[in-house]
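Engineer: Residue strings, one per chain:
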Amino acid sequence: MWNDLFVSILALIILILVPLVGVGLLGLDYLFGIVIPYLAFTIFIGGLIYRMIYWAKSPQPFKITTTCGQQKSLPWIKHSRLEAPASTWEVGLRMFFEVFLFRSLFRNLRADLVGKRLVYGSAKWLWLGAILFHLGFFIIIIRHLRFFVHPVPDFITLLDEIDGFFQLTVPTLYVSDILILLGLVFLLLRRLVDAKVNYISYASDYFPLLLIIAIVVSGILMRIFTKVDLYAVKELAYGLVTFKPVLPKAEIGVIFYVHLFLVSSLAVYFPFSKLVHMIGIFFSPTRNLPNDNRMVRHVNPWDYPVKYRTYCEWQEEFRDVLEEAGIPIDDDWCKETQKKA
Amino acid sequence: MYNADKVIVGILVLIIFFTTPFWLNYKRVEALPKPERAEKGEKCIEDTAYMRAYHMKLLDEWRNEKVRESKIYYQSSDGRIYLKSLQRTCMECHRSMANFCGRCHAMFAVKPDCWKCHIAPEEVKKWR
Numbered sequence: 393m394w395n396d397l398f399v400s401i402l403a404l405i406i407l408i409l410v411p412l413v414g415v416g417l418l419g420l421d422y423l424f425g426i427v428i429p430y431l432a433f434t435i436f437i438g439g440l441i442y443r444m445i446y447w448a449k450s451p452q453p454f455k456i457t458t459t460c461g462q463q464k465s466l467p468w469i470k471h472s473r474l475e476a477p478a479s480t481w482e483v484g485l486r487m488f489f490e491v492f493l494f495r496s497l498f499r500n501l502r503a504d505l506v507g508k509r510l511v512y513g514s515a516k517w518l519w520l521g522a523i524l525f526h527l528g529f530f531i532i533i534i535r536h537l538r539f540f541v542h543p544v545p546d547f548i549t550l551l552d553e554i555d556g557f558f559q560l561t562v563p564t565l566y567v568s569d570i571l572i573l574l575g576l577v578f579l580l581l582r583r584l585v586d587a588k589v590n591y592i593s594y595a596s597d598y599f600p601l602l603l604i605i606a607i608v609v610s611g612i613l614m615r616i617f618t619k620v621d622l623y624a625v626k627e628l629a630y631g632l633v634t635f636k637p638v639l640p641k642a643e644i645g646v647i648f649y650v651h652l653f654l655v656s657s658l659a660v661y662f663p664f665s666k667l668v669h670m671i672g673i674f675f676s677p678t679r680n681l682p683n684d685n686r687m688v689r690h691v692n693p694w695d696y697p698v699k700y701r702t703y704c705e706w707q708e709e710f711r712d713v714l715e716e717a718g719i720p721i722d723d724d725w726c727k728e729t730q731k732k733a
Numbered sequence: 006m007y008n009a010d011k012v013i014v015g016i017l018v019l020i021i022f023f024t025t026p027f028w029l030n031y032k033r034v035e036a037l038p039k040p041e042r043a044e045k046g047e048k049c050i051e052d053t054a055y056m057r058a059y060h061m062k063l064l065d066e067w068r069n070e071k072v073r074e075s076k077i078y079y080q081s082s083d084g085r086i087y088l089k090s091l092q093r094t095c096m097e098c099h100r101s102m103a104n105f106c107g108r109c110h111a112m113f114a115v116k117p118d119c120w121k122c123h124i125a126p127e128e129v130k131k132w133r
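As given, the protein sequences belong to chains B and Z, one line each in that order. Residue numbers 393 to 733, in my numbering, belong to the letters of the first sequence in order. Residue numbers 6 to 133, in my numbering, belong to the letters of the second sequence in order.
Hints are supplied without guarantee of correctness; some may be wrong.
Calculated lysine-lysine pairs in the DSS-like style (CA-CA distance at most 25 Å, straight line) [stated by the list, open to error]: (1) Z:Lys48 x B:Lys641; (2) B:Lys641 x Z:Lys62; (3) Z:Lys39 x Z:Lys62; (4) Z:Lys11 x B:Lys449; (5) B:Lys699 x B:Lys732.
These are calculated hints, taken from the structure and not from any lab test.
Whenever a hint applies, use it, and build me the whole structure from the sequences.
Structural biologist: So this is what it looks like as structure tokens:
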């Protein structure tokens with residue numbers, strides 16, 4: 393859907409122009425440096441909590457675990473612990489592999505017509521692109537702590553050294569920057585080139601990809617090409633997280649404000665878009681429920697109390713007829729169940 | 006709300022994760038250290054804003070031009086001529102590696118390898 397792509401590009405251009413005009417021409421440093429980041433962070437956290445509570449309020453009528461293997465059964469039948477988890481611990485294990493290693497994407501298949509036959513084959517590219525992008529993003533977020541924390545903790549220094557291992561440019565090019573770009577470009581090309589994926593791609597798919605690409609590119613530009621005054625950047629960032637926001641006296645380049653505004657936009661967009669799968673994965677009933685339907689009765693929370701007749705009541709009503717026909721009467725059993733109730 | 010206990014734990018984890026910088030700074034907030042001012046000299050070779058952002062690029066260029074092309078003099082944008090030398094030009098005015106270079110670099114987890122070959126002014130003093 394090419395219209396969706398153009399709309400996304402247009403939205404991105406507007407998002408880049410806003411800080412260019414706001415800071416570059418109008419000098420609204422305070423707005424773009426302090427007010428908008430605080431606002432964006434509040435909406436980000438508030439929005440995510442809102443989504444969590446909203447999801448947690450919806451009832452779970454059925455147990456709809458996705459199962460891809462033998463469920464726990466008789467002891468001599470081999471149970472597939474990850475594919476049909478039966479306990480909370482096994483569910484946790486499956487979630488771990490899903491969240492950290494994208495196990496379900498690893499099973500991604502491609503479908504092609506060979507002559508008139510539909511043939512399925514392995515396709516690991518989506519998994520690779522996704523893991524490069526997500527892992528890269530995670531490392532980059534952790535690495536950014538050096539702007540927010542003083543003194544810089546040792547683990548960040550170590551991460552920085554590993555990430556900049558190749559020392560290719562001055563300042564050092566980060567490996568994670570290259571990997572995340574490769575991942576993102578692949579994920580975007582996949583939507584553009586593969587007709588089947590292209591057909592189901594909308595603005596809500598293109599826009600986040602383009603936005604994150606723009607954030608990464610502006611970050612790399614700022615690090616390696618059009619440098620900014622890092623001391624001023626840290627003054628601002630440190631002021632924000634210690635709740636003593638100050639605008640640095642020295643001027644930070646406009647590109648920094650573009651980067652910051654795009655990140656703020658991402659933060660605001662996050663809870664209300666597909667990106668919220670970061671939280672949603674934990675709320676997926678197909679993933680977070682154990683496959684123990686035959687061991688534990690799942691009660692539908694919206695079941696209302698149904699008026700029903702027990703066997704004992706039925707037996708009482710037709711006692712004469714039953715006795716006449718010689719059918720045994722279960723008085724002892726009825727007394728016992730009444731006691732229990 | 007269903008599974009309230011688990012959801013509340015989830016919300017707490019979310020908040021704690023995204024406020025990491027706040028916790029890492031907790032109870033030790035202090036003013037950021039400022040790099041020491043130059044001991045002598047009125048003006049750096051280029052203006053301060055440029056030097057703050059681009060000093061590493063400039064030094065990298067100097068290294069390449071001086072070592073590989075034997076171009077040993079640098080003309081600044083206002084026309085003055087300098088010897089391209091970290092030890093004999095930069096450190097002539099900024100006389101402390103630890104207090105000038107080091108303070109900022111420590112703030113950003115930056116570990117430039119200049120001093121693996123060059124000798125910091127502090128080291129020079131020890132040997133005199």
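Engineer: Which of the listed hints are broken here?
Structural biologist: none
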